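Q: Take a look at the letters that make up each chain.
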Amino acid sequence: TQLLEQSPQFLSIQEGENLTVYCNSSSVFSSLQWYRQEPGEGPVLLVTVVTGGEVKKLKRLTFQFGDARKDSSLHITAAQPGDTGLYLCAEASNTGKLIFGQGTTLQVKP
Amino acid sequence: NAGVMQNPRHLVRRRGQEARLRCSPMKGHSHVYWYRQLPEEGLKFMVYLQKENIIDESGMPKERFSAEFPKEGPSILRIQQVVRGDSAAYFCASSPESSDNSPLHFGNGTRLTVT
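Protein chains in written order, with the numbering used here: chain A, 1269 to 1378; chain B, 79 to 193.
One or more of the hints may lead you astray.
What the hints assert, rightly or not - Pairs of lysine-lysine residues, derived as DSBU-like cross-links and limited to a Cα-Cα distance of at most 30 angstroms, are as follows:
(1) Lys122(B) with Lys1338(A)
(2) Lys122(B) with Lys1324(A)
(3) Lys1377(A) with Lys1325(A)
(4) Lys1327(A) with Lys1377(A)
(5) Lys140(B) with Lys129(B)
(6) Lys122(B) with Lys1325(A)
(7) Lys129(B) with Lys105(B)
(8) Lys149(B) with Lys129(B)
(9) Lys1327(A) with Lys1338(A)
Hints listed in this document are in silico derivations from the structure and should not be mistaken for laboratory results. Note that this is a predicted model, so its numbers are computed, not measured.
Based on the provided sequences and hints, a complete structural model is requested.
A: Below is the structure:
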């Protein structure tokens, strides 16, 4: 069974700071998805990474997929209070079922 | 274009009662997935259904929990004789097909509280 470990579990920073959260696996990912979940809402897909070494950017968010496809990172530049939320990585099986990490709770203070 | 609709948003049940959670997938989506989430944790897969079929129920507790997705109407997650440990947020997601390239669209969940 694929195990996804995310770190850190909780992060509290000031507005304007940079941060990186990590997602690691015990085995190779077929593909990896990153989601953001705000309180009281369902997760929303941010990005899917498929190819080892891939880098994708979404405004101030940069997603990297490790060369060996066993790890991924999400870097946020100049964090804003609106970035506050739970960040989840997940691997999709060929049936579409997602296996999630336990998430990183990010709090950005104004 | 309505997203995935879940109701009720909040549900309070006493121990021993039944809880019924409903999920209407996005239009055109015939694949439904149910997940459970405890506070500040990731989502745990419960069950994957297509119309009238359970495809994967490997995450469902063996007793008291059941799920269906009839030909007409929403998918239902049913919890019989609820206990305090069932208190959690239950999320439904849908997709038009089953593949790792087809993103899931999540509803906003039902928060079940067992008193």
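Q: Report the numbers of all earlier hints that the structure fails to satisfy, in ascending order.
A: The structure breaks none of the hints.
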